[in-house]
Each structure stands twice: as structure tokens, then as C-alpha cells.
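Chemist: Following the hints, position chain Y against chain H.
Chains as they are written, first to last, in my numbering: chain H, 1 to 298; chain Y, 1001 to 1298.
What the hints contain is simulated information worked out from the structure, not anything from laboratory work.
Be careful, since some hints might not be right.
[As the list claims (entries may be wrong)] Here are a few chain Y residues that face chain H, going by a calculated C-beta distance under 8 Å:
(1) F1124
(2) D1141
(3) T1142
(4) P1219
(5) D1277
(6) G1287
Being a predicted model, the structure only gives us computed values, none of them experimental.
Each residue gets a CB set at the ideal place from its N, CA and C atoms; glycine is no exception.
Protein chains: 2
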Amino acid sequence: MRLNILLAALMASACASAPEAPPPTEGPVLSMAEILDAAPADAWRTPDPENTLYMDLESGRVIIELAPDYAPNLVANIQTLARQHYWDGAAILRTQDNYVVQWGRPEEDPRPLGDAAETVSAEFDQPASAIAGFAPLPDRDTYADEIGFWNGFPAARQDGRTWLTHCYAMVGAGRAMEPESGNGTELYVVIGQSPRHLDRNVVVMGRVLQGVELLSALPRGTGDLGFYETAEERAPIRSIRLASDVPEAERTPLRVLRTDTETFAVLTESRRNRRDDWFVTPAGAIGVCNAPVPVRAG
Amino acid sequence: MRLNILLAALMASACASAPEAPPPTEGPVLSMAEILDAAPADAWRTPDPENTLYMDLESGRVIIELAPDYAPNLVANIQTLARQHYWDGAAILRTQDNYVVQWGRPEEDPRPLGDAAETVSAEFDQPASAIAGFAPLPDRDTYADEIGFWNGFPAARQDGRTWLTHCYAMVGAGRAMEPESGNGTELYVVIGQSPRHLDRNVVVMGRVLQGVELLSALPRGTGDLGFYETAEERAPIRSIRLASDVPEAERTPLRVLRTDTETFAVLTESRRNRRDDWFVTPAGAIGVCNAPVPVRAG
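Pulled out of the complex, with its shape left as it was, chain H reads as follows (with noise of 0.2 Å):
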């Protein structure tokens, strides 16, 4: 009820270009928790437990969710590696400050790629009638024509193809200077400004949903490209696992908002122009790397 009134305003001002649209200033002022706990429940979904990573560090637990839709061979072979344990032992090479933390095995310490291959098609992009449930945003980007988000996953299109977007949290496949070397063993993750320059360069498939601290905050690595000197410098990694190879009392359940909801539409409005009292110019606008997708215990 509260949120068809916000929604109304937004409706008002969905096709204007963001920066010129002015402010809603109708209806009460509604903080995220407000809108959130207002959500019906099937605002909600559940990750499913064969697209979700859990990657074990000794400080805790980070959660990926994988993007099959958006690089479908890439993720099977994310998938096979996991099964195959192919992380355990692995480590954190990489912390880049403002870019990157990226991990894999360390080079002294390989291990045979078993069933997964060890080159995969280069899924940069694909095509944007592939997708469906796209759910654009009408704010302007300076790397793309549209963004939006797909299934939780900020995006973007342009010229009949779509990606995912290199957002704070958002996972690649590092590879090496031949497309298809990105196979999966070497996956990095988003700690700073967005780095869209490499969208469509590497493959994003996936996203942190909880636990980017645990990596965002580690000591930034003193080689070149932020990569650790020594072997002691490096956090390790305990294992990577398919939620659906953990038992079910060892997993960690979390619900995603839907971003093609009512309330993510409102959410956004709510973000985009900030009308709490602390705020003197509601900016107008919002970006994709800065509209929160909320997670949830549960």
C-alpha cells in the first residue's frame, strides 16, 4: 500500500531522462529496511544451491552466484572444477587496491583439470534477444546505450547485445591474452570503482553476495598488479563448493530481491532520488554499479 504510492511517482517519471526528471516529492519517506520489510514474499527468491559457490576462507565464508544464462560454458566449467575439489588448498594471489582480488592455485602447487577443460568460448557477451526478463533502468551510463538488471545481476545492452557489468562484487575469469584462456581456475572479484572498460573484455559470471569483505579488506599484495610476493602473504583457501555438494545443515540460506519486482522499482526510485532529510539535492540519477541488490538471511 505504502509502496504503490512511491510507485506511482516513480511511474510518473520512469521514461524522463533521469537527471532532468524532478524529484517525487509525494508520499512519505520510506528508509530500505522499510521498503524491504513492506516486500510480498515472493519479492524474494532463493539462489538456486547448483548456481551458488561457497568459497571456505579461514575468516569466513564467501557466496557467489553464477550467471549460467550469461555464460553458460563457463559455469559448467566452474561447476565441474568444484566438483572435482580443484580449489582445495588453492589461494588468494591477488589484491589490487581499488581493483581487483583475484584467486586460483598457486603456480608451485598445480593440480590436473580433471574434466573440466582448459579453454572455454569466450562468453563476453551475448546475444540480448537470449536474455529475457532484462529490466532496464532509464539512467544514463557512459559505457553503454541501456543498463538494467537481469535476476539480480547489473547489466547492460547495446547494439543487440548484452553483459554483465563490472560492478564492486561482481566475478570474472581472469585469463590470459587469448579470449578462450579464461577457463574458470582463476576467478577475481570487483573491490573498487567499477572497471566497466573491461566489460566485454573478460567473462563476468558471477556476483558476492555475502562476504565481499572478507576479501576486500585484505592486505594489498606489494608485486606488480597487486599479486602476493610469498606464499605466506597469501590468505588460503580452504575449499570452493556447489552449495548442492554441502550438506544441507552446513549451508548458509539466503533469499536475493527480484529486480523485476514492484519493490526493486521502488527500491531504485528510493535511491535515485533521496528524500530523507539529510539529503539537500536528491542527485536524480542512479548508476548501475550503485543500486543495491538486497540479500537476505533465509
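Modeler: Using the frame of chain H, we list chain Y on its own:
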């Protein structure tokens, strides 16, 4: 000479809307280091020691350049506080992931303001006509009609006003509900995705030139908004001094690339359209928070 080749390509495309402009494909591919090594000596400037803060932590020195043109009264108040050694024995009070690190005096250990003011006029923006030397970028921005750089600081312009933008490593003055309450006693630095919705709602008056990783890698606070819940969790601040108040032998000499130079234009274009072999799809655009402003020793 090599710079001129790239500059010609830059000039040819500078006025077009960046995402549509074809990337230049002529001329050598220069790395950032090569572009900077080719820069004339006068492409660099030495920050004024009167406008340079040294924050000395147990882990090292964080160096902040102040921007008095954008916030003359606030910067004067910060200079007064520094000269009075206001922050000796202060602490990092708050580290919120993907947001800010904030410091000041702990509540239980206040210090009188002395000659500093309790409130300062809210210098959220300035008349665009009052700021000489704003160098615009042609790229689209989500939050403002125009973006660019002023004297090494990322900035925006719209409706005849200009302001410094909340990018990674930018420093602002925390405030309470009243806009004038941001007197500089509590400062913060951005350590995540640029929170541009804060632009024009808080006074941004500085940039970390060196040592931001001493702050961005701090453990995240577990209280609301990332505040540390106990005194033991806070990183202590030994002192914050103006460089001009530190003996010459204890200063850290730095040079900052001038952002109104050919070298900066060439560098920015080389980042906008990456042509190194690794890149498959040059971005064709660059964000105001993604364009690097290099800092060198000496």
C-alpha cells in the same frame, strides 16, 4: 613526438559522443609508463605544502591534497585544526565496506576546537565561472551534464555550478543533519564504488595522493554504518599535519600530473580506447572516476 600521434587521433574524436566515436587505430600503442616518461617536466606540478595533509598512522603515511578553490572556508578550518594538532591521538572511527573510511576524535576523548569554527558555510558547489581551468571530458556521465578535471581533482558541472565528485580516494567532510555542521573535524575517504549521490550533499575538499590502501584495507567495522564498536578496533592516528609544518627532511616529495596538459589528454584517450593486444573491445568512453591522475615520487 610520439605523443603527437596519439593526440591527433584524440583531437579527431574529442567532440563526438564518446561511446559512438571509433577508437583510433593509428599510431603506436603506448603504456601509461611510456606516456608519462615522454611527458615534459612542466606536465607535472608539486602540490603546495600549505594544501597538503600528512596523516601519520602506525602503518605509514597517508597524503591528502586539499582543494581550497572548491571549499575555501572548510579548507581554512582544516588548516587551523591541523596547526593546533587537533587530531593527535585521534583514530579511524569507521570503515564501511564499499563506501568510506572516516576519522576524527573518539567521543570519549574530545578536544576543544580552539581557533577553528564549529560550523562552516556549506560549500557543496561553486559557481562554474569562479573556477578557472576546468578541463572537460567528452564522456557521458550518469549524475551530471558535464564531467572533467580541475587541477588534478575529478569534478562536474551543471546549471552553472561545479563541484568535486565522490570518486575513489576523494576526501569529504562528514556532517550531521545541518549542512553547516561539516567543519572538517571528521573527514572521510571513499573506498568503493563512487557514491555520487553524495555529490552536492557533502563538501568534498581533497584527494588522497598516496597511501589510500592503508585505509581501504582496514578491517570493516561491525557496528551500524561500519563504526568500530570498541576503542581497541580503531586504528590510532599519530598526527595530522600540514606538510608546510613538517621539517623539510621529514616531508614526502610528490609530483602530480597536471590535468590541463597534452600528456593528460593523451593518457586519458589511451585508457578510453585501450589498444594493447589483450583488449578485444575498447570501451570507447571513460568515467570521471575511472580516469587516473598519476602521482610520482619527487
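Chemist: Each hint should be assessed against the structure and marked as holding or not.
Modeler: Hint check:
The restraint placing F1124 of chain Y at the interface with chain H holds, with a minimum CB-CB distance near 7 Å, inside the 8 Å limit. Checking D1141 of chain Y against chain H: minimum C-beta separation of about 6 Å stays under 8 Å; hint holds. Because the closest C-beta pair between T1142 of chain Y and chain H is about 5 Å apart, less than 8 Å, the hint holds. Here the hint on P1219 of chain Y is kept, as its CB sits about 6 Å from the closest CB of chain H, short of 8 Å.
With a least beta-carbon distance of about 6 Å to chain H, the hint placing D1277 of chain Y at the interface is held under the 8 Å criterion. Because the beta carbon of G1287 of chain Y sits about 5 Å from the nearest beta carbon in chain H, less than 8 Å, this interface hint is met.
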